[in-house]
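Asker: Here are the chains, one letter per residue:
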Amino acid sequence: MTSRSVTSRSVTSRSVTSRIGCRDLRVSAHGRELLQVPELDVAAGEVLAVLGPNGAGKSTLLRALGHLGGLHRGGDVLLDGRPAGSRDLRSAVAAVLQRPILRHGTVAANAATGLQLRGVGRGEARRRSAPWLDALGVGHLATRPARTLSGGEAQRVAIARALAVSPRVLLLDEPFAGLDATTRADLLADLRVVLDGLDTATVLVTHDRDEAVALAGRTALLVAGRIRQLGATERVLDRPVDVDCARLVGFTNVLPPAVTGRPDVCVARPEHCSAVNGRPAGLRIPGTVRRVVPLGGGTRVDVDTAAGTLACLAPGSDAPPPGHAAVVTVADQHLRRVCEPAR
Amino acid sequence: MTSRSVTSRSVTSRSVTSRIGCRDLRVSAHGRELLQVPELDVAAGEVLAVLGPNGAGKSTLLRALGHLGGLHRGGDVLLDGRPAGSRDLRSAVAAVLQRPILRHGTVAANAATGLQLRGVGRGEARRRSAPWLDALGVGHLATRPARTLSGGEAQRVAIARALAVSPRVLLLDEPFAGLDATTRADLLADLRVVLDGLDTATVLVTHDRDEAVALAGRTALLVAGRIRQLGATERVLDRPVDVDCARLVGFTNVLPPAVTGRPDVCVARPEHCSAVNGRPAGLRIPGTVRRVVPLGGGTRVDVDTAAGTLACLAPGSDAPPPGHAAVVTVADQHLRRVCEPAR
Amino acid sequence: MDVLLDGLTQALSLLFSGDRETWAITLLTLRVSLAATAVAALVGVPLGAAIALGAFPGRRLLLAAANTGMGLPPVVVGLVVTVLLWRSGPLGGFGLLYTPTAMVVAQAVIATPVVVALVAAALQQVDPEFLVQMQGLGATRVRALLALGAEARLPLLAAAMAAFGAVVSEVGAAQMVGGNIAGQTRVLTTAAVLATSRGEFGLAIAFGLVLLLLAFAVNLVVTLAGQRPR
Amino acid sequence: MDVLLDGLTQALSLLFSGDRETWAITLLTLRVSLAATAVAALVGVPLGAAIALGAFPGRRLLLAAANTGMGLPPVVVGLVVTVLLWRSGPLGGFGLLYTPTAMVVAQAVIATPVVVALVAAALQQVDPEFLVQMQGLGATRVRALLALGAEARLPLLAAAMAAFGAVVSEVGAAQMVGGNIAGQTRVLTTAAVLATSRGEFGLAIAFGLVLLLLAFAVNLVVTLAGQRPR
Amino acid sequence: GAPAAGSSAERSLILATTTSTQDSGLLDELLPAFTAATGWAVKPVAVGSGQAIEMGRRGEADVVLVHSPAAEEEYVAEGTAGRRLLVMHNDFVLLGPEADPAGVRGARVDEAMRRIAGTGAVFVSRGDDSGTHAREKSLWEQAGVTPGAPWYQETGQGMGATLRVAAEKAGYTLSDRATHLAQPDGLALLVEGDPGLLNVYHVIEVTTRAGERVQPEAAAAFADWITGPDAQRLIGEFGSARYGQPLFVPDAGKPDPTG
Ligand SMILES: Nc1ncnc2c1ncn2[C@@H]1O[C@H](COP(=O)(O)OP(=O)(O)OP(=O)(O)O)[C@@H](O)[C@H]1O
Ligand SMILES: Nc1ncnc2c1ncn2[C@@H]1O[C@H](COP(=O)(O)OP(=O)(O)OP(=O)(O)O)[C@@H](O)[C@H]1O
Ligand SMILES: [Mg+2]
Ligand SMILES: [Mg+2]
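Chains as they are written, first to last, in the numbering used here: chain U, 1 to 343; chain R, 344 to 686; chain D, 687 to 916; chain W, 917 to 1146; chain C, 1147 to 1405.
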């Protein structure tokens, strides 16, 4: 009874703001726990970005939030602050899965699917979904069989199909993967406007930090099935709390206390590390050049040090040759202190 | 006879350098021409990036080059400078399709597929493909059924599977889409090294200009089934030859002579246009603010002008409110002159 | 060979002279077979779908049983149903033996494993993500299943046609539980057998041709229905 | 009901007392049905694959024909084959009528449309990109098709089992072209019919059970072969 | 008088009979007349004699019309059957290839059987415990021959199918005259008219002793009608129009030749 009343209290206290959320959500498959999220809330009008390495459980989280698919799920999904059943979620949620799954039939029929599944008549559904096809630049393909589309075209149809139902909750799984850069840039801007207008709660899974910055007020970092960090996007991307989070947001050089002589583990981005010219201030870590990779716009130098192999990314192409001694330098302002990874 | 000897001469003249290429390649479906490439050559050890909008025919080009699938193909594919049949291409080519297509069975079995299809015994094939799974960070999944993988994990298996055959020609269709940012960065570096070592000719389809810069010496821009521009990557990305190419590589603001008063059409990147503070030199185009989209790291301001709607992207968040008059300014050094799009 | 030609001629004359008995037999054949297929579908489609989509213990055993069941000898099914419907049998009170209803029962038993096995095979081949995506667009369980059915339309129709084909063409059970009673339970196959045993080979082949025509017509209707624009 | 129990007891005693005649009949049944299925597969698999993967004119017509063909009445097939094999018939010179070979021919005719239709359905359901990806890994045409076959293993096995089930359990054609001659062309279904017409219902059911056991054993072997680890 | 149409739909009896009565077309002639006369609808189930008698034994039929005297007597002796009445007869004939390799044409039937066995000419038996098969077995017995492979082959099928097998294999066989007349089988009629070749049909009533759902009044109605004058006249006329000779000889009331 006690734990129950606690739960319901905490639920009520959130119900004003939370459109979609969960409490103590767990997912397992074949006896392995894929996901465990004690608490998550996304408000109406808010976009939450979810970043994480491959296999972290991002797609699993989206599915669990929408009660999609046959997962072994535990815990509650909350809709408007109240525990919701699959039926409630069906009418509230629209999802774009990681891979566009289109039906047999034309593009227009596919775009209308969401509305039709919600009971809208065929003609009406097509009328209402057509503008979304135009918005995503695939209106001219309306009469084409969906199975002949290119990858990016199919992805656009999948997005149009989900937006056409004006959902209260939008679950997007890497929706912009496969879109060309120009469309993607325009869509980021357009989607921002659309979502603001729709008062939709959006969960956006992405690997692109720029997308998170552009669309999401808050970002969650998911590693090995757990949310390690959740907060304002800019802060999450700049102040990782542990080594895994640091790696995830680009601080891939990890410098343990033994190497730096500082009390905490420090992390740094390769683009802030240099193997070429010792900067005046900051850390200096000696090592041997392992390899030099010219990368178009710059050069990546991997240096073997006491902290393992550190990557340095610099514009230009001058680098010490492999096998030579080098000193990796990082300015203090670019160092971040983190905890050891939670295990 | 004449045309024949011309062809064979031109073929011989290239045969020293060209690993994979084509002459007068055409693909059509349902009577619609999807692709027409008069000439293309990729040398051993070279990486050619192919950029293009969705539906441009990039995947079609890859398939045509590998004689993959049942396309209505015309013209010749050249292998080592000589017109090649499907049989020749099968033994030379490995492809990563846009969508990872895995077989029923374990990850290890999938990784070994390419070698087994080339006649390598099962045990040997598994032994030789295992290191590639490790290289792509999915070695620990070897015994898992391939159908339970996450999207990114499947993509990695597909890449490992193709690399495991050490192909003479590698066709990659957006191979890094769906990979997390850290893996992608590492893989870009690793792949560079691997490809240099393998002496493989690679065609890389991508939407990511950074990937092209990092991996490809030359880049082709494909629009509506035709290669509009082909050259050194840095030049292609910075000096588009026509409006379509300009849009494709990020010069999305198109300024016609009528607006600029200059003889040619000019293009500019949104990040080089400003609606806030008139810069001292360069172009000034007056207009009305249509909308302001805050995009995390900056603000996008769309301005309605005589040249249509122009997008301005600037860090920070100060922007004139919608409806107000504004002047879009671009520095001269950021303007590029292009032709009208070829029709 | 002249027997075959003879059969063709007789088939045409049977059909176009509007021979009342032939039409009655054909109609009964259609009614019984369609009813049996419908019953088999009613039982078999949910079962096949459960096998394809579910994750309950005994799934594989059920599938193996269904596959074996496709080899259920109609004669034996007929015999078992007969024994059950016998006056002395447990269901004798209904007096169903030697009625079309009994034929429907026996043929439904024959067709059900066909439906189960082929429906399961058909649904298992659709992308497993399909149902998830339909749910993700707001489909309730029923609507999602309907969408899945529409997606697997062609193989499902093939399953239905296999089942219909199995019952419309079988003779063992029809003969045994129906008794081949003229005007009551005589269907095209039993009529063909009777004609054969009377030595009227041309007539037997004519009945066979009418049967094929019937099967083709049903197939055509079903195929066209399955390809309606959407 | 006691008839059913009686059948079970007799089936067991037939099998375990090692009744030589029963074993001979069972073996003949297996041989004929397997041979017919093999012939049907030899003809039907390439045809079904061509329908599924090809793009030639008449594809859909062929498919409709195959679907209709699943409803080929065995009685009529038997009759037509008989007429052709008659001494006075065009193929009478071979003296095949009332031999197991004739039964294989007739049953292969019955099973081929089943194989064609179900193979086509099975292959059409595999991701069309699959073949392309196999080619993209260096598969020649043959190897790519083999890989496709492995991928569609389960529905292909279902097709094979449907075909085997159809022939092993049918009686119309077996009776007509085989003649149910003791020791020569008597198979389990015709033996069951004979037992029935002799009023030996228990024995008939016993033969039916043996038949089911046989079908199940074949299914088991095929299923296990299909699930070998890879 | 005839009962109302409404109730006649409810009143139907099951007649278990042999395939020969159905294959010859006799039933098609008799049953409508019976229904018209008595109001009983009939479900005729045409099966092997063995199965027909078994159905009577189990009470699954109301009345049985068969031609297998030995099996019938055994059945009646069990005590569950009612009246067994003589209905009609026709005769069996020995058929064979026109060339007659065993030289049986015109011989007495037991001599013919011996010659067939002696020369090893193919003999095709129905082997299905039908009335015809039962008679054939007793003929072998009388001839003192034990038939066996390879010349003796059993089809396990009805008369029509067996005639075709015999024709294809150029063998001898025993058939009832009606089926032989009805089927253009290409076999020559070699032996006929022997007293041992009489084919006698009896109607047997099934009683409630065989099963509680049996309708004895239906059995009585059928037995009475088929041995009555109207039915006997129909039987006597049947076949003349088509074959130029009657196929059956009505016998009701005559002394029973089978004892
Ligand atoms: N079978 C077909 N029938 C008609 N059109 C087709 C067919 N297959 C492909 N197309 C069209 O050809 C064009 C090129 O397709 P392709 O897949 O090559 O594009 P792409 O450049 O790879 O695009 P993306 O970036 O979206 O992957 C697309 O517009 C596509 O819709
Ligand atoms: N049915 C299953 N059985 C076992 N493991 C599974 C199953 N389904 C998913 N997984 C595993 O669960 C983990 C999380 O998968 P998920 O698809 O959520 O990852 P993700 O974060 O979306 O990755 P990606 O960035 O690659 O899309 C992966 O390691 C995946 O292999
Ligand atoms: Mg995912
Ligand atoms: Mg593509």
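Read the hints as simulated data drawn from the structure, not as lab findings. Where hints are given, some of them may not hold.
Covered by chain U, according to a simulated footprint, are these stretches of chain R (three or more residues, beta-carbon under 8 Å) [stated by the list, open to error]:
| no. | region |
| --- | --- |
| 1 | 364 to 370 |
| 2 | 488 to 497 |
| 3 | 532 to 542 |
Estimated spans, in silico, between C-beta atoms of each pair [claimed, not checked]:
| no. | chain 1 | residue 1 | chain 2 | residue 2 | range |
| --- | --- | --- | --- | --- | --- |
| 4 | D | L728 | W | A981 | 25 to 31 Å |
| 5 | W | A1141 | R | T360 | 28 to 34 Å |
| 6 | D | E707 | C | A1366 | 27 to 33 Å |
By construction, the Cβ of each residue, glycine as well, lies at the ideal position given by its N, Cα and C atoms.
Asker: All hints, please: hold or fail.
Answerer: Status of each hint after checking the structure:
no.: 1; hint: 364 to 370; verdict: violated (count 0)
no.: 2; hint: 488 to 497; verdict: holds (count 6)
no.: 3; hint: 532 to 542; verdict: holds (count 3)
no.: 4; hint: D:L728 with W:A981: 25 to 31 Å; verdict: holds, 28 Å
no.: 5; hint: W:A1141 with R:T360: 28 to 34 Å; verdict: violated, 51 Å
no.: 6; hint: D:E707 with C:A1366: 27 to 33 Å; verdict: holds, 31 Å
Hints 1, 5 from the list above are not met by this structure, while the remaining hints are.
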